[in-house]
Amino acid sequence: MDDTRWVSIHPLVVRITHWINALAILLMVTSGWRIYNASPLFPFRFPNEITLGGWLAGALQWHFAAMWVLVLNGLVYVIYGIVSGHFRRKLFPLTPGAILQDMRDAFRGKLAHEDLSMYNAAQRAAYLAIILCLVALVLSGLVIWKPVQFYEIGVLIGDYEGARIVHFCAMALMAFIVLVHIVMVILVPRTFPTMISGRARRAT
Amino acid sequence: MKRRTMETSLAAQSPGLVRSVERRLFLRQGLSLGALAMLSGCNLTDDEGVQKVLTAMSRWNDGAQGLIFRPARLAPEFPESAITKPFPFNAFYTEDEITYVDGNTYKLELAGLIRDKKPWTLPELYALPQTSQITRHICVEGWSAIGKWSGVRFSDFLARIGADTTAKYIGFDCADDYSTSIDMATALHPQTLLTFRFADEILPPKYGFPMKLRIPTKLGFKNPKHIAAIEVTNEYPGGYWEDQGYNWFSGS
Chain A
1 MDDTRWVSIH PLVVRITHWI NALAILLMVT SGWRIYNASP LFPFRFPNEI TLGGWLAGAL
61 QWHFAAMWVL VLNGLVYVIY GIVSGHFRRK LFPLTPGAIL QDMRDAFRGK LAHEDLSMYN
121 AAQRAAYLAI ILCLVALVLS GLVIWKPVQF YEIGVLIGDY EGARIVHFCA MALMAFIVLV
181 HIVMVILVPR TFPTMISGRA RRAT
Chain B
1001 MKRRTMETSL AAQSPGLVRS VERRLFLRQG LSLGALAMLS GCNLTDDEGV QKVLTAMSRW
1061 NDGAQGLIFR PARLAPEFPE SAITKPFPFN AFYTEDEITY VDGNTYKLEL AGLIRDKKPW
1121 TLPELYALPQ TSQITRHICV EGWSAIGKWS GVRFSDFLAR IGADTTAKYI GFDCADDYST
1181 SIDMATALHP QTLLTFRFAD EILPPKYGFP MKLRIPTKLG FKNPKHIAAI EVTNEYPGGY
1241 WEDQGYNWFS GS
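Chain order of the listed sequences is A and B.
Letter by letter, the first sequence follows residues 1 to 204 of the numbering used here.
Letter by letter, the second sequence follows residues 1001 to 1252 of the numbering used here.
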């Protein structure tokens, strides 16, 4: 006991918002796939078995209920991240060179994970990209939901039809990064309990 | 596409209830892996408690959309060149089941909080001052199409018949057994038109002869075709799709 030192690495707000966000994203993506299936943008549909809602109206009910959870939780996280300095400390500085170097290391299985309180550059880029994807998803989602009332946002992304494409692409990119994120947690399993307890054992 | 949706819905209605009862019995026997797999499946919506929350959220979203709706905010209008050809047919039935209304005997019935409930014939309606719009129709399924509709401003018509515009709802009953209802703010919106023409021609049956309410600030299914009766009321009228779970306000 004496030779192990516990350090706090994930603040409580981050842990709570992380898990609420995970649930909200799961509900939004699976119900969104069902909505997509009603009028596919591209020549494929998602298998109904992996969608939520049972039919279009059910999926829409899920999507427009979970969106409040996603947005309110996201606002808490972003405001906390900015005000507390969490973003500045954990996600920056970030340089393209460092991201590429870390990604090369990761593919070789050599990416350093000794200090869990520090995100490496690849992690920083991934987490930042997820945040930006979610911002794009919310903005394009607002245009799809209310193309008349939020017309000004739509002008930036090609109006209603453009927003559908942005919404889909942002979902696809986010889903891919989340998948990589989950694979990384499986490869480095000791990171998993830290997102629940907030603490990690510091190597001595 | 819509028809398929409806079939799915009907299939999901009553068997769903049976399934959800069965599932609850199953769950009571122990939270087996199978039960968990069913929970994570696509029919979570069938659970009564979950459905109650979702329905309550949909009502909450009606209120939120009412607040977001700006009475003077106009839907974008497009040039003739942007019109979608051919304009898609869409209903809860297929094209060979379209309702044919006899224009000679047709009368629009009025009911509820209206001063002058005299029914209207088509020549009388055609004689009202007309206006046109080229706007985008957005379907709840996601696709959109641009069309040109002409008719009388609905707010003008409501004023002419002495409708109580402090009432909450306007309900529509249609000759094809469809029904829907809208909020008063949307009814009074300047782009909400009682239309008799599509692409400068008398509305063909497939687009809703003799009359379609065109609302470019609402999703397509809130734009009733073949309107037979209009009722102004303070009691929530619901509608064909709304009663099955589609969001009532469904504004753009």
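Please note: incorrect hints may appear among the correct ones.
Straight-line C-alpha distance at most 20 Å; calculated EDC-like pairs for lysine to aspartate or glutamate [unchecked claim]: (1) A:146 <-> B:1183; (2) A:146 <-> B:1077; (3) B:1117 <-> B:1173; (4) A:146 <-> B:1062; (5) B:1085 <-> B:1173; (6) A:146 <-> B:1201.
Hints were generated in silico from the structure; no laboratory data involved.
Results of checking the hints against the structure:
1. A:146 <-> B:1183: With a Cα-Cα distance of about 16 Å, the restraint between residue 146 (chain A) and residue 1183 (chain B) holds, given a limit of 20 Å.
2. A:146 <-> B:1077: With a Cα-Cα distance of about 16 Å, the restraint between residue 146 (chain A) and residue 1077 (chain B) holds, given a limit of 20 Å.
3. B:1117 <-> B:1173: Roughly 15 Å separates the two Cα atoms, so the pair holds.
4. A:146 <-> B:1062: 13 Å, holds
5. B:1085 <-> B:1173: Not satisfied, since the Cα-Cα distance of roughly 29 Å exceeds 20 Å.
6. A:146 <-> B:1201: Answer violated: residue 146 (chain A) to residue 1201 (chain B) is near 30 Å, above 20 Å.
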